[in-house]
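Assemble the whole structure, with the sequences as input and the hints as a guide.
These protein sequences, in sequence, are chains A and B.
Letter 21 of the first sequence, counting from 1, is numbered 310 in this note's numbering, and no numbers are missing.
Letter 224 of the second sequence, counting from 1, is numbered 666 in this note's numbering, and no numbers are missing.
No lab work stands behind these hints, which were simulated from the structure alone.
Nothing here was measured: the structure is a model prediction, and the numbers come from that model.
Please note: incorrect hints may appear among the correct ones.
Distance ranges between label pairs, derived from CB positions [to be verified]:
1. A/Asp-300 to B/Val-740: 54 to 60 Å
2. B/Arg-527 to A/Gly-386: 39 to 45 Å
3. A/Gln-345 to B/Glu-572: 48 to 54 Å
4. A/Gly-386 to B/Arg-700: 15 to 21 Å
5. B/Asp-586 to A/Leu-390: 41 to 47 Å
6. A/Thr-366 to B/Ala-664: 27 to 33 Å
7. A/Gly-386 to B/Arg-543: 41 to 47 Å
8. B/Asp-586 to A/Ala-411: 20 to 26 Å
9. A/Ile-409 to B/Pro-690: 31 to 37 Å
10. A/Gly-386 to B/Ala-745: 38 to 44 Å
11. B/Ala-579 to A/Ala-411: 50 to 56 Å
12. B/Glu-569 to A/Met-349: 40 to 46 Å
Don't be surprised by glycine CBs; every beta carbon is placed ideally from N, CA and C.
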Amino acid sequence: MASKTVLVVDDNVLNRKLLEGMLQLVQARMLFAEDGAEGVRLTRRHRPDLILMDVQLPDMDGFEVVSEIHKDPDLATIPYFYLTGNITAEYRRQAEGQGCLGIVQKPIAVAEFIETLKKILA
Amino acid sequence: MRIGSHTTDLYPMKRDQRHFTKTVLDFAPVGIVVIDAEAHRIIDINATALDFFETDRSDAVGAVCHNFICPNSEGNCPITDQGKRVDRAECDLVSRKQRHRRILKSVVVTTLGGRRCLVESFVDISELVEERRRAEAASRAKSDFLSNMSHELRTPLNHIIGFTELVVDQHFGELNAVQAEYLSDVLTSGRHLLSLINDILDLSQVEAGKLALQPNFFDMTALLTNSLVLVKEKALKHGIKVSLKAPPYAVGMLADERKVKQILYNLLANAVKFTPDGGAVDLSVSLTQTRPEPGTAVAGAFAAEPPGDEEGWILLCVQDSGIGLSKTDLERIFEPFEQVDQSTERHYEGTGLGLSLTRQMVALHGGRIWAESDGENQGSRFYVSLPRQVNSNKEQTPDGL
Chain A
290 MASKTVLVVD
300 DNVLNRKLLE
310 GMLQLVQARM
320 LFAEDGAEGV
330 RLTRRHRPDL
340 ILMDVQLPDM
350 DGFEVVSEIH
360 KDPDLATIPY
370 FYLTGNITAE
380 YRRQAEGQGC
390 LGIVQKPIAV
400 AEFIETLKKI
410 LA
Chain B
443 MRIGSHTTDL
453 YPMKRDQRHF
463 TKTVLDFAPV
473 GIVVIDAEAH
483 RIIDINATAL
493 DFFETDRSDA
503 VGAVCHNFIC
513 PNSEGNCPIT
523 DQGKRVDRAE
533 CDLVSRKQRH
543 RRILKSVVVT
553 TLGGRRCLVE
563 SFVDISELVE
573 ERRRAEAASR
583 AKSDFLSNMS
593 HELRTPLNHI
603 IGFTELVVDQ
613 HFGELNAVQA
623 EYLSDVLTSG
633 RHLLSLINDI
643 LDLSQVEAGK
653 LALQPNFFDM
663 TALLTNSLVL
673 VKEKALKHGI
683 KVSLKAPPYA
693 VGMLADERKV
703 KQILYNLLAN
713 AVKFTPDGGA
723 VDLSVSLTQT
733 RPEPGTAVAG
743 AFAAEPPGDE
753 EGWILLCVQD
763 SGIGLSKTDL
773 ERIFEPFEQV
783 DQSTERHYEG
793 TGLGLSLTRQ
803 MVALHGGRIW
813 AESDGENQGS
823 RFYVSLPRQV
833 NSNKEQTPDG
843 L
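Structure below.
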């Protein structure tokens with residue numbers, strides 16, 4: 290069975306490391322981007338099966354990255370989660386408009402998130 | 443004035459009356475202008491108004507009022523052209539020296555000497571407006587700061603909790619008993635720190651007036667069942683029995699589901715926290731047509747059949763067999779930073795913010811929250827009334843109490 294690829298877009302090294310730890314447990318192949326531009330580039334190049342997108346990035350916010358990715362209709366079907374330390378009503382509004390799987394509030398509830406990942410990547 | 447006299451006639455001489463009136467009008471710190479309603483020209487004016495207009499009587503009397511007050515309303519006067527009443531309205535005043543001020547004015551339409559007149563009185567609120575602006579800017583700055591801090595604080599906390607959880611769950615190797623225990627303690631403290639941060643952020647948002655309602659449709663019965671699951675684990679650890687008395691049917695609600703969850707969680711967590719081992723916590727709901735009131739509210743009263751309409755109220759009751767509340771406690775517990783006197787053995791952690799926040803959230807819905815207790819160690823009952831359909835236009839109780 291081919292394993293699934295997950296792209297993590299987050300500028301914080303420990304955030305990436307923590308997600309790496311979780312993704313190891315669901316046996317996913319991992320790609321990492323440190324900013325929005327790289328996130329777009331890696332998405333176009335590798336077409337991941339799931340994207341974990343931090344909202345606060347140095348060059349653009351997560352919503353803009355997704356808008357950019359969605360310019361390609363083939364990539365628009367990739368499921369994704371937003372991750373953020375502080376969910377605001379504004380974020381919720383923007384996220385809902387874009388059709389993401391959800392916004393995950395950090396700190397992430399690890400066991401629960403791993404279960405969710407397993408279901409999505411099955 | 444003659445002492446002991448019944449008469450209201452303060453001025454035996456008409457001349458004294460005129461003198462009194464003139465003195466009052468001239469020296470009251472309120473600008474008073476009498477205006478001809480047709481021509482909008484000033485007929486009479488008091489000394490205070492002249493001060494504001496920075497001119498003298500000969501210039502002011504006969505001038506069009508809009509030269510000084512509400513310059514933008516010329517030809518479009520709310521009173522004479524739109525037939526409105528102007529009572530305590532803010533507007534602009536421009537003096538002869540082109541100095542601008544914000545004033546608060548009231549206007550009375552009357553007839554004087556056969557002429558239809560407007561009697562306008564106003565006070566200077568420039569300082570108030572400036573203070574208001576400063577307060578709003580400060581509030582915005584504080585809100586931005588807190589929003590940033592929230593993100594800054596949660597990021598390392600995410601790492602502390604996340605990495606510890608991965609290791610404690612032994613996904614990356616077995617731990618010996620001490621390692622498992624110590625890391626579990628790290629996790630507990632990390633989670634506690636998180637709840638403190640959440641409380642502080644919530645409370646600050648409340649203070650900034652930013653805690654808004656986001657209503658949605660949901661099933662209250664399902665929400666109640668799920669709420670119990672959240673506290674069951676902790677309750678089991680202390681041998682506390684948890685029970686639910688809810689209808690066998692769905693109860694539709696239009697309310698802010700997340701906040702209702704928070705309200706329930708707060709009350710249930712408190713109940714478990716303040717109940718000694720082996721005790722009981724019961725959650726029940728009643729459905730009523732009219733708003734349940736303290737003293738007459740009955741917990742767990744619902745019909746066998748679901749209610750036909752979407753109107754009415756629900757009454758939640760969280761009852762515990764715990765340490766109870768004294769009369770003093772009952773008065774204080776909904777205040778921020780207040781906590782029940784902790785002279786018991788189990789260490790009760792907490793910030794004391796929970797009930798204050800809970801009350802705010804109940805009030806936002808137009809509901810009420812109150813507590814009852816038969817005394818020390820006699821347990822307590824916390825009641826929350828909520829309308830089944832929150833209407834943000836409806837009058838809400840000022841503080842949910």
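Structure-based check of all given hints:
1. A/Asp-300 to B/Val-740: 54 to 60 Å: 56 Å, holds
2. B/Arg-527 to A/Gly-386: 39 to 45 Å: 44 Å, holds
3. A/Gln-345 to B/Glu-572: 48 to 54 Å: 35 Å, violated
4. A/Gly-386 to B/Arg-700: 15 to 21 Å: 19 Å, holds
5. B/Asp-586 to A/Leu-390: 41 to 47 Å: 29 Å, violated
6. A/Thr-366 to B/Ala-664: 27 to 33 Å: With Cβ atoms ~32 Å apart, the hint holds.
7. A/Gly-386 to B/Arg-543: 41 to 47 Å: 45 Å, holds
8. B/Asp-586 to A/Ala-411: 20 to 26 Å: 42 Å, violated
9. A/Ile-409 to B/Pro-690: 31 to 37 Å: Holds - the Cβ-Cβ distance for A/Ile-409 and B/Pro-690, about 35 Å, lies within 31 to 37 Å.
10. A/Gly-386 to B/Ala-745: 38 to 44 Å: 41 Å, holds
11. B/Ala-579 to A/Ala-411: 50 to 56 Å: At 52 Å between Cβs, range holds.
12. B/Glu-569 to A/Met-349: 40 to 46 Å: Hint holds: Cβ distance 44 Å, inside 40 to 46 Å.
Hint compliance for this structure: hints 3, 5 and 8 are broken, all remaining hints hold.
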